[in-house]
Amino acid sequence: MSSAHLLAAVRILAYDGAHNPHAEHLSVGADWAVFLVGAGMILAGAFGVILLRNPVHCALFLVITLFGVALEFINETADFLAAIQIIVYAGAIVILFLFVIMFLGVDRKERIAAEPFKGQRPLAFALGLAVLILILVLTGGITWTTGAHSLSGALLGGPGPNSGHEGDVGLLGQTIYTRFLLPFEMTAALLVIAIVAAVVLARSRHRVAGELSVDEQAAVAQGRPLPGAPEPPAASGGRPTAGSGRRADTEVHR
Amino acid sequence: MKVPADWYLILALILFVLGGVGLLIRRNVLVMFMCVELMLNAANLTFVTFARTLNDLGGQAAVFFVLVVAAAEVVVGLGIIVAIFRRRAEATADDVHILKG
Chain B
7 MSSAHLLAAV
17 RILAYDGAHN
27 PHAEHLSVGA
37 DWAVFLVGAG
47 MILAGAFGVI
57 LLRNPVHCAL
67 FLVITLFGVA
77 LEFINETADF
87 LAAIQIIVYA
97 GAIVILFLFV
107 IMFLGVDRKE
117 RIAAEPFKGQ
127 RPLAFALGLA
137 VLILILVLTG
147 GITWTTGAHS
157 LSGALLGGPG
167 PNSGHEGDVG
177 LLGQTIYTRF
187 LLPFEMTAAL
197 LVIAIVAAVV
207 LARSRHRVAG
217 ELSVDEQAAV
227 AQGRPLPGAP
237 EPPAASGGRP
247 TAGSGRRADT
257 EVHR
Chain X
27 MKVPADWYLI
37 LALILFVLGG
47 VGLLIRRNVL
57 VMFMCVELML
67 NAANLTFVTF
77 ARTLNDLGGQ
87 AAVFFVLVVA
97 AAEVVVGLGI
107 IVAIFRRRAE
117 ATADDVHILK
127 G
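Top line first, the protein sequences correspond to chains B and X. Going by the working numbering, the first sequence opens with residue 7, and the numbers climb by one from there. Going by the working numbering, the second sequence opens with residue 27, and the numbers climb by one from there.
No lab work stands behind these hints: they were computed from the structure. Predicted model only: the values in this text are computed from it and were never measured. Every residue gets a Cβ at the ideal spot worked out from N, C-alpha and C, and that includes glycine. Be careful, since some hints might not be right.
Computed footprint of chain B on chain X; a stretch qualifies when at least three of its residues, placed anywhere within it, have a C-beta under 8 Å from a C-beta of chain B [as the list claims (entries may be wrong)]:
#1 61–68
#2 72–81
#3 94–108
Simulated coverage check for chain X against chain B, where a stretch passes if three residues somewhere in it have a Cβ under 8 Å from a Cβ of chain B [to be verified]:
#4 28–36
#5 40–52
Going by beta-carbon spacing under 10 Å, a handful of chain B positions derived as facing chain X [as the list claims (entries may be wrong)]:
#6 F41
#7 H155
#8 G159
#9 I199
#10 V214
#11 G216
#12 L218
#13 S219
#14 V220
#15 Q228
#16 R230
#17 L232
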């Protein structure tokens with residue numbers, strides 16, 4: 007079945023469009039061609055991510071996989087999701103990965119042969135193969151897709167009010183802002199929380215100049231200890247000099 | 027005639043397993059994060075496939091939310107990685123066993 011499909015796809019693709027009077031046959035070939043190209047990109051990128059030793063190369067192969075997934079999205083009439091897949095993943099997340107790799111300077115090669123646990127690598131491959139075979143056995147021979155149709159709104163139109171709006175962004179927007187309004191608001195809250203958490207996690211323990219109050223800035227300028235700070239220990243007997251005591255951990259960075 | 031849904035589901039299964047294997051065999055924390063992204067993308071692919079097969083908008087809405095949650099997860103995860111790297115200049119997961127009792 008599949009090889010026959012493949013052969014048909016190749017034969018139809020080899021035709022010039024002007025010579026082919028059967029437009030739907032051409033679309034069959036185009037569907038399969040897009041699927042195969044996307045699948046190739048996905049698998050090549052995934053193998054690159056898990057096998058290459060340099061983290062920068064892994065991030066670049068991740069981009070290939072994400073583009074392949076976007077291709078499959080387009081093939082399944084999810085055009086808007088394909089667009090935000092590329093914008094959010096390839097445009098933001100992978101760039102964030104690359105930023106962190108460069109920022110931390112960990113773009114050196116990993117010793118991929120080093121195994122902290124004996125037999126971890128063959129065990130991982132065996133486990134992956136077992137999961138693959140298990141899911142194939144569990145789902146093989148029956149229909150893959152069962153269940154009620156169009157529970158939360160029809161996607162591809164049909165006789166309902168959505169007819170003629172195949173894969174429309176407007177439909178998705180209406181659904182998100184009506185039926186999925188609460189999850190939408192929760193993801194908004196999640197994003198705010200994540201941003202605050204990232205700032206708290208990544209900020210330096212020293213306060214920068216902009217974080218000092220007016221009194222503290224005046225104190226720093228005059229060389230006094232900061233107001234509200236505990237008195238520096240007088241064990242040495244001398245006066246606290248600039249840069250000692252509390253001021254050491256509120257060092258002003260510019 | 028479109029490509030049958032089975033093919034997309036098998037592709038998503040292979041992608042998910044590859045991500046899981048990568049998560050198990052890699053020691054670099056950043057690359058492990060990328061493998062988690064692979065698994066999330068496999069789940070997104072199944073969501074979109076079922077949305078098309080069942081003619082249901084819920085699948086595409088779910089992909090939308092998964093994208094947002096993945097972005098938040100990456101932001102917090104990379105923040106944690108940066109915080110860990112401040113303390114120790116090691117890139118592997120095995121070096122971060124301070125929490126071990």
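Outcome of the hint check:
1. 61–68: holds (count 4)
2. 72–81: holds (count 8)
3. 94–108: It holds: at least three residues are needed, and the region 94–108 of chain X offers 14 whose Cβ sits within less than 8 Å of chain B.
4. 28–36: Coverage by chain B holds here, the residue count being 8 at a Cβ distance below 8 Å.
5. 40–52: holds (count 11)
6. F41: 5 Å, holds
7. H155: 5 Å, holds
8. G159: 4 Å, holds
9. I199: Interface hint status for B/I199: holds (8 Å vs cutoff 10 Å).
10. V214: Not OK, violated: B/V214 not within 10 Å of chain X, min 16 Å.
11. G216: 20 Å, violated
12. L218: 22 Å, violated
13. S219: 26 Å, violated
14. V220: With a minimum Cβ separation of about 30 Å from chain X (threshold 10 Å), the hint on B/V220 is violated.
15. Q228: 32 Å, violated
16. R230: 30 Å, violated
17. L232: Hint violated; B/L232 Cβ to chain X Cβ min 24 Å, cut 10 Å.
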